[in-house]
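Participant: Here is how the chains run, residue by residue.
2 protein chains.
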Amino acid sequence: MKKGVYINSISLSDAYGRWTSALDSVGILKPLPDEEIMVEESLGRVTAEPVTACKSSPFFHSSAMDGYAVCFPDTFGASEGEPVTLKTGSQAVYVNTGDPMPDSFNAVVMIEDINIVYRDGAEHIEIIAPSTPYDNVRLIGEDIIAGELILPENYRIRALDIGAILAGGYTKIKVRKRPEVVVIPTGSEMIDPGEPLSQGKIIESNSRLLLNMVMETGGTGYKTEITHDDPIALKKAVKNALPVADIVLIIAGSSAGTKDFTAQTVGELGEIVFHGVNIKPGRPVLLGIIDNTPVFGMPGYPVSTYVTYNLFVKPLITAMLGFKSTKVEKIKARLSRPLSSSLGQEEFVRVKVGRVGDNYIATPMTRGAGILMSLVRGDGLLRIPSMSEGTGAGREAEIELIRSIDEIDNTIVCIGSHDNTLDILFNSLKKRYPEYSLSSAHVGSMGGLMAVKKGEAHIAGTHLLDEETGIYNIPFIERFFPQGNAVLVNLVYRDQGLIVKKGNPMGIRGFEDIARDDIVFINRQEGSGTRLLTDKCLRERGIEGKGIDGYDIIEFTHMGIASAVATGRADAGPGILSAAAALDLDFIPIAKERYDIIMKKETMALSMIKSFLDVIRNDNEFKESVRKLGGYDISDMGKVIFGL
Amino acid sequence: MKKGVYINSISLSDAYGRWTSALDSVGILKPLPDEEIMVEESLGRVTAEPVTACKSSPFFHSSAMDGYAVCFPDTFGASEGEPVTLKTGSQAVYVNTGDPMPDSFNAVVMIEDINIVYRDGAEHIEIIAPSTPYDNVRLIGEDIIAGELILPENYRIRALDIGAILAGGYTKIKVRKRPEVVVIPTGSEMIDPGEPLSQGKIIESNSRLLLNMVMETGGTGYKTEITHDDPIALKKAVKNALPVADIVLIIAGSSAGTKDFTAQTVGELGEIVFHGVNIKPGRPVLLGIIDNTPVFGMPGYPVSTYVTYNLFVKPLITAMLGFKSTKVEKIKARLSRPLSSSLGQEEFVRVKVGRVGDNYIATPMTRGAGILMSLVRGDGLLRIPSMSEGTGAGREAEIELIRSIDEIDNTIVCIGSHDNTLDILFNSLKKRYPEYSLSSAHVGSMGGLMAVKKGEAHIAGTHLLDEETGIYNIPFIERFFPQGNAVLVNLVYRDQGLIVKKGNPMGIRGFEDIARDDIVFINRQEGSGTRLLTDKCLRERGIEGKGIDGYDIIEFTHMGIASAVATGRADAGPGILSAAAALDLDFIPIAKERYDIIMKKETMALSMIKSFLDVIRNDNEFKESVRKLGGYDISDMGKVIFGL
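Residue numbers (numbering that gives the first Met the number 0), protein chains in the order written: chain B, 0 to 643; chain L, 0 to 643.
Calculated from the structure, these hints are not laboratory results.
Watch out, some of these pointers could steer you wrong.
[What the hints assert, rightly or not] Listed next, the stretches of chain B that the computed footprint assigns to chain L, with coverage defined by at least 3 CB atoms under 8 Å from CB atoms of chain L:
(1) 36–46
(2) 151–163
(3) 187–199
[Said to hold, decoys possible] Here are a few chain B residues that face chain L, going by a calculated C-beta distance under 7 Å:
(4) Thr-96
(5) Pro-99
(6) Ser-103
(7) Arg-137
(8) Gly-140
(9) Ile-144
(10) Ala-166
(11) Ser-204
(12) Ala-581
All C-beta atoms in this analysis are idealised placements derived from N, C-alpha and C, irrespective of residue type, glycine included.
Using the sequences and the accompanying hints, generate a full structural model.
Facilitator: Put into C-alpha cells, the structure is as follows:
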C-alpha cells in the first residue's frame, strides 16, 4: 500500500529554474495576445501598445475664464487711472469658460476685472490693465497634443488615465488579455459550500480562494465541478479545460496518498516539470505542461495553496499580463520568540506583526498548513532559508507583508490571557473606529505581562491570582514593574470553573472528581491564569497532577478546552462560562475572578488606545454583547484598578 | 450680462465644517443599509456585521498525513532496536491526508516512518518510535471553531478571507451596499467620445473619470446623457436621479458664466450648503442637499474635478461604506524650485517626484486646471495652505502621493532638453523593463545640467553648442563638473531648423527671413540648446531679437513650437524635424547637432540606469521607431562620448 513519496523533491531555486526554462521553452512566459475593449471599461487593465493622442485637447483655442475676448493690442496702456474702453460685440465679446475664441481675438479679460459702462447708448467694457497675448486662453493642445504619448505599453490603467485616453480621442483601447485560469477542485470528500456537512466531508473553499487570488492578480477564470477521486474523471476535466485555459490549477491530489491522481494524470497527458519542492508548507506542489498549457497541482491545505500560488502561479499571471515581477512589501521586525526550522527546507512561517514604540515585533503563529485563519489573522510571512536551522528571539528578520504597514501601525497588539470578550472587543473597536484593529495572541497571563514589559505588546489580558494575598494581578505588577510604570484597567469579572459535557454525564461535581479513573482531563498551559487557579484548586484538595489522566495534555485557549470536551477528547477541563455556553456545554462554577488589561503608562497616550478605552467605557452595544455571553460581571469595565 | 461671482467663497476648513454638519443632520454620514450577496462574489466588499463561524473546520478529527491510524498507547516503547508491530486492518488502518480518523484511533504514524512486514501471513506495520495523543491528527475546529469571529464588521474582504468565510459554513454574507453615484454631465459644447469633434466641441471625459474614481473608492453608479445648457433639462435630470442615487454629481455649470445653471437648479430643488471654496483648482465646487440626497456641483476642468472629488466626495463614499477616513500616502520631498501662491487660497500643485540618491525631489508642474495630463504624469500633490504665500526652493515639503513610493523609487528622473525620442524611450523602457519608468521634465539643456549637478535628476538630455569651439556639450561639462564626475552618452544626432507651415506659404528660406514684417516668430526659452542655436544663427546674420515679432513669446518644447505653427499662432519657430513631421508641417534644416544624455558617474551603477542603457544600446525595435520619426542619425546611440 505504500507509494513512492514524491517523484522528486528539489530545492526552491531549482524549482524556479525549471519553472522558467519549461515555461519559456513553450513560449508562455510572455504577454498573451491583445484584446480591444471600451476605454470606459479599462480600469485596472494593462495597455498592450503605447497610447498616443489622436486628437489634440483642447481641439481649438478657447477661453479659460468667464470674461471678454479682446485683441490684446487694443488693451495697451490700460491702467486704473486711464482705463481702456472697448465696445462689446465688436471690440470685446463675452465668452464663458470653454467657449471657442472668436476669430481674430487673442486674449480674455476676466469678468471680475472689468466694469460695464455705456457710451453713446452702447455697452462698453472698461479695462484697467493691459493683456498679454493669449492671456486666459487655453491653446489648442494645451493638455494633449495629437501624437503625444498618453500612456506607454505595459501600464496598468487608473481612473485618471481613462479621462486622458478619452480626451485624446479614443473610445477603444488595446489591452492585454486577462489570463484565463481554470480551477479543478478534486476529492471525493469535498462538498460545495451550502451542501450538508457531515462526518468526513470538507467544504471546498480552496477553488474560490484561488479564483479570487487570480482576480486580485489581474487574471480571470472559472472553477469546474468537484472531481471525485477518479483518474478518468480528472483526465476528462483537464482535457475539457485545456482548449480555453491559459493556466490550469488542479487542487489537491498531488500528494502521495492512495487517492492522489494528479501526477499520474498530468504525466499521461503531458510532461511533468517538477513534482515536490522542499518548501513548507506546499511541498507536494506540481508543475506540468500539457499541449503548451501550464498545469499546476496545488496542494490541498489552504495555507499551502496560498504559498504555492504566490510562489509559482502569480508570477506566471503577471508575466502573461506583461509584467516581470510583482513586488511584495517587506519590513524588518524583531522576533518575539525563537523559531527553529529543518535544514534543507525553505519554510514560510506566518507571523503577527505589531508596532510597539519604534519597533516592529513579529510573533510566529501556528505552522499547521491547514489553518487558514492563521493567514486571515496573520500580518506577514517570515521566510526561513533552507540552509538555516532557525532564527533566535530578538533577532531582526525580514517579513513579507500580507497586510499594509499602515494597517499594522494602527493595530493594537494584545498578547496575554485569552478571554472570549476580546473577539467582541475587536469587532466593536472596528465598528466604532474603523481605522483601528486589535490583534490578540494567547500565551497566558504571565506571558502577557512579560510581553508588555519587553515592549512586544501594547496591552495584555491578565488574571493572575496571588495565592498568599488572594489578590488578582496587582502583586504581580508590583513585582515585574517595580518602576511603577504600568497601569491596570478592569475589563470584566468572570466565572471560572470546569467545562463538562452537556448534561454532565460523568456526574462531575468539581476538581475533587478530576482524578477519578474514568475521567479524562484536559489542561491549560503553564503561565496561564487558569492553570494557576487549577493548580491551586488541586493543591487545596490534596490532588497531584500525575494522578490525573490528561493533566499533561494542554490547550492554549478557553475555546480549545471547550472544543476538546465537545468533541470527546476529554471529559472536563478548566475554563470560563462563556466558552462552555458557546459550544452548548455544561459548566461547574469554581471561582469568580478579575480579568484586567495591563499596559505601560506611556501606552495610554496612543490615540488607538484612547479609542480602545472609549469602547470599553462607553460603548453600550459592546457591553450588552458581553453580558449576553454569560458569566460576566461588567460593573467595573474600563475602571483604572491600579497605577494612576 | 455680468453675474454674481460665487454665492460665497469660504475657506476649506469652513467648507469641511458645513459638509460634516449638513450631511450629518440628514443622517447621510454613516453606513448605508446592508445587502446580502454570495460569499464568492464578495471580494473587495465591506462586512456589515461580524462574521462568526457557524461550522467548525475541520468538522471532524482527521488525519493530517498519509499514513496509518493507530491507538497511541499501542505504540509505547517502540524504538529502532525494538520496533512495535501492529496488524493492519485492526490495530492500524491506512488513512490519506484529510480522511476522518477511524473510531477509537487517536494518532497517525506517517507512511515514511513505517515498514510493512508480514507475520503469520497477515500484513503488519513496524513502528520505530512511540506516538503521542493526536500525533498527526487534525482536531475538530483546529482551523475555525464554531462561534469564533472570522471577520469583524467594517472590514474589507480579501481573497484569503473568502476561503475562511466559506470554510466557516457560509454561502452568503451581509455587506455594505455600494453607494450608488449618478453622474450628470452638462454643457451644450460637450460630445460623447467617438462623436465627430469640431470647433467648439469638447469630448466629455469627466463623467467617465468620476465614475471610475467612484469605483476605485468602492462605490458604483452610472452616468446620464449629457444635459445641454438648459435649466429645465438639468432639473429633470436631477429629479430622475434622486430616487436611485445615494449621491448625485453634476459636472460643470457651477461657475459664474451665463450658462451655469447648477446652483440655480440645486437651490430651487433643495438647499445649498456651500458654493465656492477658496481652493485652487476647484473653486466653484458646490454642495447641496435635495430630499436628503447630497448633490455636488463638480467643476468642469478635469484637475478641479479630481481635486474636489478627493476632498469632498471620496470621504462621503467611504463614510457610506462604514469607514471614517481614507489615508493618502505622503512623503517629504525637497522642492527643486520655488513656488508662490496667493494668500487666502489653499492651492494643490501637481508635482513630479523623483528619488535621486537619498532624497526625494519634487518638481512643480503646470498649474492649469485644464491639464489632465499633468495628473496622469504627476506623482503627487503639494498642498500650499491658505496662509502661505508659497515655498522656497530646497525647502522640504509634504507631498500627497498619486503614485506609490515603489513606482517613484523605480522612476528615472530626466530633467533637461526635450526631444521627441524621449516619449518612445519611455515606452520601450516600460516594455522591456516593466518595473521601471522614465519621467521627463523639459527645462532646457542648461537647466538639465544644473539639475544633474544638484542631484535633482538622474539624467538630462543636452545639446549645448559651445560657440568658440563648435563642440557640443563637452566644454559645458568640463566647466560645470570640474571634478570629472560626469559622463556623456550619445542618444542621437538630429536635424535642427525652422518649423514652418505646410507648403511654406510665407516662403521662408531661413533665419534671414525671420525679421520680416509679415512673419510672426515663436521662440524657445532661454537656457535651452535650441535657443542658443537660434541666437547664434541670428547673430551670424546680424539680426537683433527686438526686431523680430514674437521673439519674446516662448514655448518649452519642440512640440509646443510645432503646435504654435500648426494652429496659426506663429509662422515659424526653431525646432527639430520630428516635431514638424508629427504635425505634418514643413521644415527648413539649419544644423545637425549632437543630443547627449548626461549623468553622474555614480548614477551608472543604478540598475534602472543599466536597463535604460540596455534599451538605447540593444533594443532594435526602439532604434527603428526613432529612425521612423525622421531627422535622426542613431549611429552613435548609447556610445560614451566623454567621461569614462
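Participant: All the hints need checking, so say for each whether the structure fits it.
Facilitator: So, going through the hints one by one against the coordinates:
1. By the rule of at least three residues with a Cβ nearer than 8 Å to a Cβ of chain L, the coverage given for the region 36–46 of chain B holds, with 3 such residues.
2. Here the region 151–163 of chain B counts 11 residues with a CB under 8 Å from a CB of chain L, which clears the bar of 3, and the coverage holds.
3. Look at the region 187–199 of chain B against chain L: 7 of its residues bring a Cβ nearer than 8 Å to a Cβ of that chain, three or more, so the hint holds.
4. The restraint placing Thr-96 (chain B) at the interface with chain L holds, with a minimum CB-CB distance near 6 Å, inside the 7 Å limit.
5. Residue-level restraint check for Pro-99 (chain B) holds (minimum Cβ-Cβ distance to chain L is 4 Å; threshold 7 Å).
6. Taken as an interface hint, Ser-103 (chain B) does not check out: its beta carbon lies about 11 Å from the nearest beta carbon of chain L, beyond 7 Å.
7. This hint holds: Arg-137 (chain B) has a C-beta 6 Å from the nearest C-beta of chain L, less than the 7 Å allowed.
8. With its C-beta approaching chain L no nearer than about 5 Å, Gly-140 (chain B) sits inside the 7 Å limit, and its interface hint holds.
9. The restraint placing Ile-144 (chain B) at the interface with chain L holds, with a minimum CB-CB distance near 5 Å, inside the 7 Å limit.
10. Interface hint at Ala-166 (chain B): satisfied, since its Cβ lies 5 Å from the closest Cβ of chain L, which is below the 7 Å cut-off.
11. At a threshold of 7 Å, the smallest CB-CB gap from Ser-204 (chain B) to chain L is about 4 Å, leaving the interface hint in force.
12. At about 4 Å, the closest approach between the beta carbon of Ala-581 (chain B) and any beta carbon in chain L falls short of 7 Å, and the interface hint on this residue holds.
Comparing the model with each numbered hint stated earlier shows that hint 6 is the single one that does not hold.
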